[in-house]
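Novice: Line by line, the protein sequences are chains A and B. For the first sequence, our numbering assigns the number 1 to the initial residue and increments by one for each residue that follows. For the second sequence, our numbering assigns the number 287 to the initial residue and increments by one for each residue that follows.
Check the hints yourself; a few may be wrong.
[What the hints assert, rightly or not] To spell it out: a stretch of chain B is covered by chain A in this simulated footprint if at least three of its residues, at any positions, have a beta carbon under 8 Å from a beta carbon of chain A; those stretches are:
| id | stretch |
| --- | --- |
| 1 | 312-325 |
| 2 | 347-357 |
| 3 | 478-485 |
[As the list claims (entries may be wrong)] For the chain A half of the interface with chain B, some residues (derived, Cβ under 10 Å), not all of them:
| id | residue |
| --- | --- |
| 4 | 21 |
| 5 | 29 |
| 6 | 32 |
| 7 | 97 |
| 8 | 100 |
| 9 | 120 |
| 10 | 233 |
| 11 | 237 |
Read the hints as simulated data drawn from the structure, not as lab findings. In this text, a Cβ means the ideal position worked out from N, Cα and C, and glycines have one as well.
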Amino acid sequence: MSVSGVCADPVVRDQWYALAAVDEIGADVSTRLLGLPIGYGLGPGGAARAWRADDGAPIPARVSYGYLWASVGEPPAEVFDVPETREPDRRIFNAGTLGLAVSAPRAVENFLDIAHFPYVHRGLLGDEPHTEVADYDVVDRDGEIWALGCRFHQPRAAAASTEEVVAQYQYRVPHPYCAMLYKSAPGHPDRLDAMGIFTHPLDDERIRAHLFLCLLDDVNTDATIRRFQQTILAQDMPILENQHPKRLPLDPRAETPVRCDKTAIAYRRWLSSLGVTYGVIPAGAG
Amino acid sequence: MITLYDYELSVNCYKQRLMMAILGVEYTSVPVDFYPGWEHKSAEFAKINPLGHIPVIDDDGFMLRDAHAILVYLASRYDPSRLWYPVDDPCRLGETAQWMLFAEGTTNTASSARLHDNLGYDFDIDAVRAGAHKLFRVMDEHLWFREREGLDWVVSGAHPTIADIALFPDVALSEEGGISRLDYPALRRWTDRVRRIPGFVTMPGVIALGESPWD
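Given the sequences, and given the hints that come with them, work out the whole structure.
Specialist: This is how it looks when you write it as structure tokens:
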């Protein structure tokens, strides 16, 4: 049984975390980040502000990709780069933010998983009997995990889909608690839609998950796309919240992976190699 | 044709979708950007419902709001068997009204906890969870005694009523609000019986019997 406390893990502490979509911030908000009570809001001209709740001391805050990001440690100069956000024909917005009783690494790992599509997202991202996950590659690219060459049969891959397709997927893990995915964009055969899960860890067993979209869809309204994506996220919820333990075990013997879990295996190894201890059960700790 | 002003993740909208699916009523869903657009609170939507709530139905010009009132209407108009809203039996009708009021309580506790945890609504989370447990305890005991009499539903008799439909989503999604049903075995068995009603449909977060990878 874990005690949800303030984060002492420097790797996790010294990261940026998306707290809220800027469009959705009104009055100042009280929340927690990695167990620490904080506040955040927008100052004059939309400048990001965040502070510790106990003494009001400012903490690092910035706006990137439409979100207010903050850190309770010493974060890098920039949030990880998402080059697709500089392509002018993409639509960039938050599909929704959902509170979940799960650790950030469990949520990220679920985001990286394909095999559950036909069971949890039946009729949308997958369908029986098309349950096979074809082999794909997992590589280290500049210290990030990338899964390349994933393909999956999907009845309705996106809000803009008009027919079933074999969707192409790539995954990218640029941050211990955030992941991106790139998938076939309906109507744009040579390009990929980009979307991401940016987690706001309230503590080591509870998060708010932001679903970041950077899409080529020029057909649907924001509301239609949000509706589709929120449905997907809500379908994942009972699965995510019923995982035990809520923190992600990093010991390779703790949970039994199968071949299609290559990305998850690489993610767990990567967290171990970074020395992450918060939101996980480190190898050898159990 | 009925138009339902709808949000897929709303328990109260799900109650209508479930009832219409069971009764075989065709309808058109008009998505309301509940979150993050708060469209139901907009000036435009106030013309549809000045209270700023969903669901609302428009049945060929007849407008009706409030989830449990809509269930009364749907069953009265579209269930020729008169079993879902048992107007011919004063005792069962009274019980139905009693459990519909009880369902206001489960919505204001269990489903409020869910809005707090999922969407960050500003509720006293400990109070709403405690309130839900109090109601679930009453319901569990009631259903346990019903089972002893060979009865399956919250209202007496062999057939489910709109009260079961009004209660089911608040109960079935309670864990999203941090309210475990572990201590309520009769309540859990009742949720399985509801999921076996012909025509049953799910919403995101509600897993159908036989569709779960664990079944």
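Novice: Look at each hint and say if it fits the structure.
Specialist: Verification of the supplied hints:
no.	hint	result
1	312-325	holds (count 6)
2	347-357	violated (count 0)
3	478-485	violated (count 0)
4	21	holds, 7 Å
5	29	holds, 9 Å
6	32	violated, 12 Å
7	97	holds, 7 Å
8	100	holds, 8 Å
9	120	holds, 8 Å
10	233	holds, 8 Å
11	237	holds, 5 Å
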